[in-house]
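Residue strings, one per chain:
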Amino acid sequence: MTSTFFLVLRRAVLSLPILLGVLLFTFMLVRVGNNDPVGMLAGPTASAKEIDAIRAAYKLDQPVLVQFVEYVKLVFKGDLGMSWLSGKPVLGELLMRLPATLELVLLGSLVGGLVGVWAGMQSALNANRRFDHWSRFLSLLGFGMPTIFLGLALIFVFFFLLQWAPPPMGRIDLMINSPKLVTGSYLIDSLIAGDRAAALSAAGRLVLPCLVVAIVFAAPLIKQTRAIALDVMASDYVRYARAAGLPKPMVRRMIWRNASVPVLTYGATELTALFGAASVLELIFSWGGVSQFGLTAILKGDFAVVQGYVLLMSVIAIVIFAITDLLILKLEPRAAAGAR
Amino acid sequence: MSGAPGLAAPLLRVHDLHVHFVARDRFNHLRTARALNGVSLQIRRGQIFGLVGETGAGKSLTAHAVMQLLREPARRVKGEIRFEDQDLTELTEDAMNRLRGDRIAMVVQSPKTSLDPLTRVGEQIARIHRVHRKASEPQAREKALQMLRAVGIPDPESRAQAWPHELSGGMAQRVLIAMALVNDAQLIIADEPSTGLDVTVQAQILDLLRDTVRTRQMASLLITHDLGVVAQYCDQVGVMFAGSLVEAGPVAEVFTRPRHPYTRHLLDSSPDRIVLGQSQNRAGTAPDLYNLPPGCPYQNRCARVQQVCRGPLMDLPEDADHGVRCHFPEAA
Amino acid sequence: MNSPSAPALPDVPSGMGQLWRRISAIARSTPTGSIGLVIIALFALLALFAPWLAPFDPVKPFPTSVLARPGTQFLVGTDGNGMDVFSRTIYGARYAFGIAVPVLLFGLVVGVPIGLYAGYRGGWVDEITLRVMDAIRVFPSIILALAIVSATGQSLANVVLVIGMLDVPVFARLVRAEVLAMRAGGFVEAAVNAGNPTWRILFVHLLPNCIRGAMAQMPIRMAWAVRVSATLAFIGVGIQAPTPEWGAMIRQGADYMISGEWWVSIVPGVALVTLIIGFSMFGDGLEELLDPRRQKGSR
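Protein chains in written order, with this note's numbering: chain Y, 1 to 340; chain V, 341 to 672; chain W, 673 to 971.
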């Protein structure tokens, strides 16, 4: 379908200015306060030769604008610099750890999204009755719990007290070999390889962190879905549908469909924020994902990695929004009319 | 207002309808507004009954009450609503739902926002037909096209594929009328159907409504605040004030020989009359429905008010041709 | 289709004698909001009177009672350095408010004028402002905050500035939306035509009307500020040990969770969660109260 292709293309082109803005931001990040970026990029252990190499690569003797152009060129070639902590190229390090993060966030958001939207919808349909009060209460709790506390509390309850969950150290039991690398997700890869022990271990380790992600994602979703659904239920067209005698299931379907677009938009925003929450979880559970790597780099001052990490997170956000926009174009007839 | 004796029973008969709003204000006190106080009216086949009054007089509320669409905090506390000799207030929600969109239909003020934004217009008409008449898909589609033609929409095949936001106000209103007629409704309640439309489009819509009522021998309750519309399109008229129907009768009668002081005031309030200073009644703000005085709702604005007006108000006499709820009506 | 709306409710009599009745009636009408307010007030008192309420000096270590269990001497035990957890938690309230309040002020003082001006000016000024605000808003805030604080140097002031900066788009957007609504109503045009200077229009005419939406958001933003600052401290940015800040305390106690000394993390954690929920509940209650639909008696 060429129309879809062009839509995607147009969306990609529209994303470029944002991408440039992000690059500008990461570029400035290491030049804040007139710091000589060499110090931040090379690290405290760099030799004079390495420092010179960095100066040359990034053209740091040239005016700022030239530096920026050089930086952008390098990024598009895939060169995100070197991590002085690990001595390896940043891009490779990031990509290697990305699947773990994706596994966590996508699985958790899937569960959280389904539960959250469903609960929010049911709340709206039963407004001010028992279900509504309970789900709003739970939503408030979920809202209130910062990820750090939620993660630790669950570890305490399920690992220490009940001894149901495995220790929060990594994605698989230390004694078990990780499966052959296909997707990067231990769970999927061990299923593909038919390694039962590894699959069980990976699944077990996934439960707690995914639960936290799901709760963090579901809480605001419940509240917002409820509000959106209530708005739709009070709209002229729903009232008119009732006046026309349309049966309840049909009216309910109308409410779902009309609420889905705003909910989707909201969900996309929450999903990008979820990566932030998941980053903290990676620290708590020693998950070995890209966020743990990035956050550690921030703490230790490995700024090439920080640049790359921020860039990666931005790209993920851009992609999420682009996909959402495209979905909305498909679902919402009014969107096409408003398109430039 | 029963017209010549010996005629068939009225299609719609509302008797002594009382509706209250019960709500908590921001300080959590319970407040009751008496929004409808003893409204009674009758509509016969082939008739268009116009309901006029200021904003807040209770016209739309009456319409919603008839359709049994009242939602909290509005509540019907008393009164009978007979349609085709069935008391609508006694029906279950399911039974009433079967009547809505089938034998009683509604046309409303903002047609564009009343259509489902995510469904094509033709399908919206078709599904009402499918739901109530169990028609098959092709049957319903054909009927939808038929209705689009009947309401005067050119090129119905392509129009049926349109989304609601692509239609003009007038076009959308025609679609609503098509939706109202698709199941041969006997009563159409039109709540300010032409407000917000261009003057020419207004006339077209109202013409369409009138023609439909005449040819199909249906009836219509037309709610409006525009006296000119009533004069031109309605057979009977009812004047509402502060939740009461204060006067009702044939349009020509009521407009040339108004008996209630408020009706007189309405008619006198046309711009040229005000200039001539011919109105004797006090204009004023709308009465506070949470604190209605006992007795006649018009007492604080009436030039003829007496002590007895603060006592109980009589009901609208049902079999009079030209009824009025006033202790001191103008001579007939 | 306009469903008939309930008639407008009458105005309530004013006067000092009625004040208490009004307040208690409002409080009763939103239980969530009232509870939230009580929680906030309690913690504010803790913060204010910490030196008198805390049994011990929060940074005084008791080397002989490291990781002591909750008991008669140390109400909820001591941490890895032998410091009393109870006292530290009470003092933590000071840091919570000490960050949340300046953050809110920063967000308001910077965000509201931006929103006012962008909405008022329209055109490309508005467009650009909107894009920049949106860009800040959609990015995962924790990561953004972390990156900036680490790049600019780890100090409390920086933390406040950065988190405050993240609040700016929220308020700007809210206020801008209200301004746009007022423009649509011809309000702005009238003020301009009457010859008012720009600053007057913005601050005397527009501001009072547009602040309503922002008001309901304030407690929610404070909840968020407390949450983010604790998370930052947990990760290790901005606040150094042995400062008795809840996030840092939770971090310190995280290692002991696995070995069973739960009180080091859980106690400050519960305090943190309670205050955040308090702010959220208050925000919810405020939203309910300020909802214009409520005052008209709803549909």
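Just so you know, the hints here were simulated from the structure itself, not pulled from any lab data. A portion of the hints provided could be inaccurate.
What the hints assert, rightly or not - For lysine-lysine, the following DSSO-like pairs were computed, each having C-alpha atoms within a straight-line distance of at most 30 Å:
no., chain 1, residue 1, chain 2, residue 2
1, Y, K330, V, K418
2, W, K732, Y, K300
3, Y, K59, Y, K49
Claimed, not checked - What the simulated footprint calls covered on chain Y by chain W, stretch by stretch (three residues with Cβ under 8 Å from a Cβ of chain W suffice, anywhere in the stretch; the number is not a length):
no., region
4, 270-282
5, 289-298
From the three backbone atoms N, C-alpha and C, an ideal C-beta is built for every residue, glycine too.
Going down the list of hints, with the structure as the test:
| no. | hint | result |
| --- | --- | --- |
| 1 | Y:K330 / V:K418 | 49 Å, violated |
| 2 | W:K732 / Y:K300 | 29 Å, holds |
| 3 | Y:K59 / Y:K49 | 15 Å, holds |
| 4 | 270-282 | holds (count 8) |
| 5 | 289-298 | holds (count 4) |
Hint check: a violation occurs at hint 1 only; the rest are consistent with the structure.
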